[in-house]
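From first to last, the protein sequence lines are chains X and A. When we follow the working numbering, the leftmost residue of the first sequence carries the number 1, and every step to the right adds one. When we follow the working numbering, the leftmost residue of the second sequence carries the number 1, and every step to the right adds one.
These are computed hints drawn from the structure, not numbers from a lab. Possibly wrong hints are sitting among the right ones.
Stated by the list, open to error - No more than 27 Å apart at the CA atoms, straight line, and that leaves these computed lysine-lysine pairs for BS3-like:
#1 A/K181 <-> A/K10
#2 A/K241 <-> X/K342
#3 A/K14 <-> A/K241
#4 A/K262 <-> X/K324
#5 A/K277 <-> A/K10
Stated by the list, open to error - One-sided and incomplete, this derived list gives chain X residues near chain A with beta-carbon spacing under 10 Å:
#6 L66
#7 Q133
#8 T174
#9 D273
#10 C326
#11 D332
#12 P334
No residue lacks a Cβ here, since even glycine has one placed at the ideal position from N, Cα and C.
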Amino acid sequence: MRQIDECYQVLADPYGYAERLKKESRRKIVGTFCSYAPEEFIIAAGAHPFRIFGTGEKARLAESHLQSYCCSLVRGALEDALAGRLAFLDGVVFPHTCDTIQRLSDIWRLNVGGCFHLDVVLPVRLDTDNARQYLTDVLKRFRRELEAKLGAVIGDDDLRRAIGLTNRIRGALTRIAALAGDRPGILKGADLSALARSAMIMERSRAAMLLEEVLAQLEAQPGAQPGPARKRVILAGGVCNQPEVYALIEEGGGAVAADDLCTGSRSYEGLIDETGDPLAAIGRRYAERVVCPAKHRGLAERAENLVRMARAKQAQGVIFLLLKFCDPHAFDYPHLREALEKAGIPSMVVEVEDRLPADGQLRTRFEAFIEMI
Amino acid sequence: MAEKDEAKEKRKIKAVARMKEIMTAYYIEAKTAEQTGKKVAWITSGGPVEPLIAMDVIPVYPENHGAMVGASKMGVDLCQKAEAMGYSSDLCSYARADIACAPISGGPIGGLPRPDMLVCCNNICGTVLKWYEVQARFFNVPLFILDTPFCHTEFTPESRRYVQEQVNEYIAFLEKVCGKKFDYDRIKEVGRLSAEGQRLWQAVLDTAMNRPAPLSAFDAFFHLALIVTLRGTQQTVDYYKMLLAEMQERVAQGIGAVADEKYRLLWDNLPVWYRTKWLSEKFASQGACLVADTYTSAWCGALRYVDVNDFLGTMAECHTRIYLNIGVDEMARQVIEMAKKYDVDGIVMHSNRSCKPYSFGQYDIQRIVREKLGIPTLMIEADMVDERSFSESQIETRIDAFIEVLKGRQGSSA
Ligand code: SF4
Ligand code: SF4
Ligand code: SF4
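Please work from the sequences and hints to get the whole structure.
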């Protein structure tokens, strides 16, 4: 599909894309980390939110700031910044999530020049009125600070338009993901992942349009195509920037029926209410969306969510994809595995760094798991 | 020979015995709480313990327990047990050890007493949140989270309001779990004792400004236990008064922690619990005394925000602005302040695999210290509890090389 090719092009060189966009649109580019960055404000201010993933170049410069036990996501982003590969950024926004991002923000502020720096110190717990009030307060502060940094005014109407746009993206991705899960064979797992990730990088109205076109085409496609029945699995974890994983699962006879990833469903599930006060509505969405392990909303929610997802999607197993040195996910894993076991759903775990191991080990493990379930 | 032993004997801190007594009695009380009907709360080291004391709840510190696990060299075994349960070996070893202890009542004291509630304050890290979630599920007891937003560059008014309101929620939580009203008079007294305890602890640490320093960071690691666990009690105040008197006496007599103090050093990060003796002797043998550290002083750093006449009202600020909950540049500023205060010749930094919030940023602090003070720093790669991350020969070589640098500098400035 032409639209999907365009996404792959963007992902092949996200920094080049951002540089061109900046030049052509004269818009400011604001880098973000993590799916908790409230990008609606950046869009409303007329700037372009750009999710930083890091290109996976060997970390040399970052080594004088971060020890070896830091996750590759943070290390890679810092490396790119120090090497000047992110010089196109006008600013960068750090939502508070894990201990590592928290320190990355400090290190970045002290060592990377040339762009403004904003911390959005979100609450860690999301389960009380007080915390939600604080979340709203933080968003108000962010709005003020962003206005000052960008020299723009963020009006309620601007925010509503931005919400409308991100909702279109989220809505389209949610429906595409549902279709891909329900009608195996119509969309490769890697393609869905590419759509979701490129929507964090691409000019957002372009992304919305492409996604809606993709959706329309998929909706017109008939159901399951003939072929061997595939085993359905859920992919769960943090950031997945390794599209090869999908191909390996598919080649092993599986299909990703749904995901619980922050580069996947956690980033797009849950629309923002388009009526009423827009800022409050944004706060509600971030408080109520599927929770990430760096945030607290009860003791059982993530496990219940995963089990529910696996059942609803009739998945036969769950594959955990964990990034090495990522504490929040590593802490939740044993509990999630246990909850799945109790529900009779088998799971396996792979720990990856920014690149997958080159040998065929992962392929063999996937094959064995998929055969077993 | 006999003389040498005598000098060594003289250098031993007498209060150690009393401390052991108090801690033993404390753990016996905690472990027999079921019989006495007292409630037990597990609480993080940076958490507000005073309301628990005011409610007659016994506070228990899994982190202190983690230190005991490390010191008794049971860390590797317990960490491996946690790994067998599915916890990654890259997670904090306090958390791993504690999580592995719970189901088997393992560790040096046969496990911690079962909690009636958990109190988690995330002002030290995000790890404690995940760790306490695990334990709240395991023990099936209520969990209170005091969420203290990180202060990268400031303590915002929004954060102040949020945390202050949580202090009220904390009290409501305690009233519910304990089934009795909170005693607002009692907390005043507890708050006063807490502030006094912190002041005394700071005074104890301050005696190390003297040459020779009467106590080292290795001593401080040991004597710290009370200000963490029993802050807000008369017993703690009495103990630190006694310890302070002993330190003052040592200063008067010129008794140093290290036989012949030549170099004064500052320690950064948690202790390496299973090797405190080895490290302490290693440094002492070269006349190097670790006169201060960023770790034990964290339990009196909040003093500047405390108002004893409005203890609950200043609790939010005291807990949000602690050493680990601030930006790397502010940490560097405080390190420099301490380096000057204790007049140190160098800094030893423990790059601690377990503790990401304490360790990430150390390289920058190292650079800032070098630029601003021009003193050498040594980075030791280790872990506080998991001995598998400790390479003795490598660390020994690095310490020796570092001492050579210090020697060279002293030689050239003399
Ligand atoms: S796992 Fe959570 S904190 Fe980490 S990037 Fe994803 S959403 Fe953000
Ligand atoms: S949540 Fe995990 S992957 Fe994301 S920045 Fe933190 S440690 Fe790295
Ligand atoms: S050692 Fe560090 S990560 Fe572990 S509990 Fe303490 S502050 Fe948290």
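Is the shortest C-beta separation between X/D332 and chain A less than 10 Å? Since chain A brings a Cβ to about 7 Å from X/D332, closer than 10 Å, the hint holds.
Next pair to validate is A/K262 with X/K324; report whether the Cα-Cα distance is within 27 Å. 43 Å, violated
Status of the hint placing X/D273 at chain A (closest C-beta pair under 10 Å): Violated, about 23 Å.
Mind checking the CB of X/L66 against every CB in chain A and telling me if the closest is under 10 Å? Holds, about 6 Å.
Going straight from one Cα to the other, do A/K14 and A/K241 come out at no more than 27 Å? Roughly 13 Å between the alpha carbons, so the hint for A/K14 and A/K241 holds.
Are A/K181 and A/K10 close enough, with their CA atoms no more than 27 Å apart? 50 Å, violated
Hint status (Cβ of X/T174 to nearest Cβ of chain A, threshold 10 Å): 28 Å, violated
Per the CB criterion, is X/P334 less than 10 Å away from chain A? It holds, given that the least Cβ distance between X/P334 and chain A is near 3 Å, below 10 Å.
Are A/K277 and A/K10 close enough, with their CA atoms no more than 27 Å apart? 18 Å, holds
When the nearest CB of chain A is found for X/Q133, is that gap smaller than 10 Å? 7 Å, holds
Given the hinted pair A/K241 and X/K342, is their alpha-carbon gap at most 27 Å? 55 Å, violated
Would the stated hint for X/C326 survive a check requiring a Cβ distance to chain A of less than 10 Å? This hint holds: X/C326 lies near chain A, its Cβ roughly 9 Å from the closest one there, short of 10 Å.
When each numbered hint is compared with the structure, violations occur for hints 1, 2, 4, 8 and 9.
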